[in-house]
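Novice: Take a look at the letters that make up each chain.
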Amino acid sequence: MPQPGEKRKGRTTLWVLILIILAFLTLLPVWAPKMWLHMAIQVLIVALFAMSLNMILGRAGLPSFGHAAFYAVGGYTLALFVVRLKAPLILGLAAAPLAAALLAVVIGYFSVRLSGIHFAILTMGFSQIVWAIAHKWYGLTGGDDGITGIPIPAAIQGAKAYYYVVLAVLCACLALIRIIQGSAFGQTIVAIRENRDRVTFSGLKVWHHQLLNFVIAGFFAGIAGSLLAIFNRAVFPEFGYWTTSASVVLMCILGGVGVFIGPLVGAAIITLLEHYISLYTFYWQLILGLLIILFVLFMPGGISGFFKDRFGSGTAPHR
Amino acid sequence: MTGVDVLSQFMSGLTTAMIYFLIAAGLTLILGVLKIMNFAQGGIYMLGAYTTYSFVKLFGGTDAGFWLTLLIAPTVVAAFFCLLEVFLLRWFYEKPALYILLMTYGILIVTYDLARMLWGWIILTAPMPPMFQQPLEIFGLVFPLYNAFLIVMGFFVFSLIWFIIHKTKLGKTMRAAADDREMTAALGINVPWVFTGVFGLGAWIAAIGGALVAPMAGMAADMGVEAGIIAFVVVVIAGLGSLPGALLASFLVGEVQAFGILILPEFAIAFTYLVMVVVLIIRPWGLFGKPVVIK
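For the protein sequence lines, the chains are A and B, in the order given.
So for the first sequence, the working numbering puts the first residue at 1; every next one is plus one.
So for the second sequence, the working numbering puts the first residue at 1; every next one is plus one.
Worth flagging that the hints you see were computed from the coordinates, not collected in a lab.
Values in this document were obtained by computation on a predicted structure and should not be read as measured data.
One thing to keep in mind: the hints can contain errors.
What the hints assert, rightly or not - So the derived label-pair ranges between C-beta atoms look like this:
#, chain 1, residue 1, chain 2, residue 2, range
1, A, Val105, B, Gly120, 44 to 52 Å
2, A, Gly149, B, Phe163, 54 to 62 Å
3, B, Gln134, A, Thr243, 40 to 48 Å
Claimed, not checked - DSSO-like mimics (lysine-lysine), calculated; alpha carbons at most 30 Å apart, straight line:
#, chain 1, residue 1, chain 2, residue 2
4, B, Lys169, B, Lys35
5, A, Lys34, A, Lys160
6, A, Lys205, B, Lys95
7, B, Lys290, B, Lys172
8, B, Lys167, B, Lys35
9, A, Lys205, B, Lys290
10, B, Lys169, B, Lys57
11, B, Lys57, B, Lys290
12, A, Lys205, B, Lys35
Don't be surprised by glycine CBs; every beta carbon is placed ideally from N, CA and C.
From just these sequences and the hints, can you work out the full model?
Specialist: Here it is in structure tokens:
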């Protein structure tokens, strides 16, 4: 048992660490070249996407393989609003997470009653439908060409400005996710994961909680999708393809689902690896695949879990 | 549209249906007994096609060589995946589903690049065996003899697996292990080896699918992605673990695609998913599956 004083000390170290990281991220555009900034924006967006998935994957313990659906719907909603309806960007940004959340209600309604492999298959099935619509409905979504030429207000056209927008949104979302996870609701989600029956016995409606959790996760994924759409100035059906879902699951596992910032770490590692390995070899998928296999074999708690087990207090739930 | 056109479209739908069935049958078998979703199934299919290409070339493109290849190539691929099962997968059956899903996904993307390294990036086609080069004529419809052969092979493999599962002692053991692992193990049966066998059988069937498609269509390393996901759709429509269901669902998907192209060319793939939506909404556990809803 750690002493209370020790725990407070741990807290202080944590806050100092967070402040250092924040200061580093805030000052990054001052010295980093533009190329790095582009990578950083990508990492931050994908990190938000991974964090949203972890609400389902880590906290609720449900293996979702269709999270890309919300990412895609977020991106496409923004693109449709701005390009097809000529609406202002801010309206598209507001609509994107709502549309994603709405889709999450539908998908969640059918899938959260299931668990394990069945949940994985159902979520993946639904997300493939989203992909098929994006891929084939030329009239609306532009088919496999996607929707390009999203107009961006001059204020956020530069990489620096957009970097700060993304960073601010990510921080706000992380704070929100943290608050949700710390709330009674967030604790209930974990309790359901640990022992579904006992939560049911205590009179709580298990699947209402899980559905709400699923919808919140979809909401945040929608935000990430819309940010990516603005970054790319375009949306493509690949946003919603099942391999996107699989790779974000990988990020969560790699970073560690039992640690709050685990998915963030995983997102950074995978995004950077993908970029840098593919500079040197055509066969980066081979390397990625081997990495996945090695990680599942030797570090099932993820990188953050690995360090937390050895150097941190308490144990990370391995899920 | 004349009757011959309809028949022609129907037959082409049947041909694709059979390929989907062969991939899906292995998938559903593994799902039914091992309770794992094997993302690598599309990769197995792709490797089946490439090894067939190599063996057919090795045997000089003769008829006898083709038959021999049909025996050897899928077996080689299946043996390779049996090894993977023993070394990588079997430790994770009792762990949360996520690990095995990721593991098979990792194997899948490794197989892509493996195929690219071994066979290159260009699109290959295996030579058509001489005995299948002439077309077949049925009811005024000219139809490639090889496609007819493929359809027959599909039914043959279906009957073979059905026979193994329902009429042999091995099949009985498999069904027992699927039902209750612990009890089966308590009866003195080596369940891990049964699982390896089932995984190998599932891989073998998918590899046959790849072998059969090799002389028909161009092969690329990513051919398994699309085929794998359609096989997955087939399994979802059929109900997890149901073999006859997989056959029926393959027909459904194959024909929906074949006729969908005639009606609305843009939406041929979307139709497939539409069928899946309808099934998922009405019967989330699939046409032939059992409800798995908890509470």
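Novice: For each hint given before, does the structure comply? Return the numbers of the non-compliant ones in rising order.
Specialist: 10 and 11
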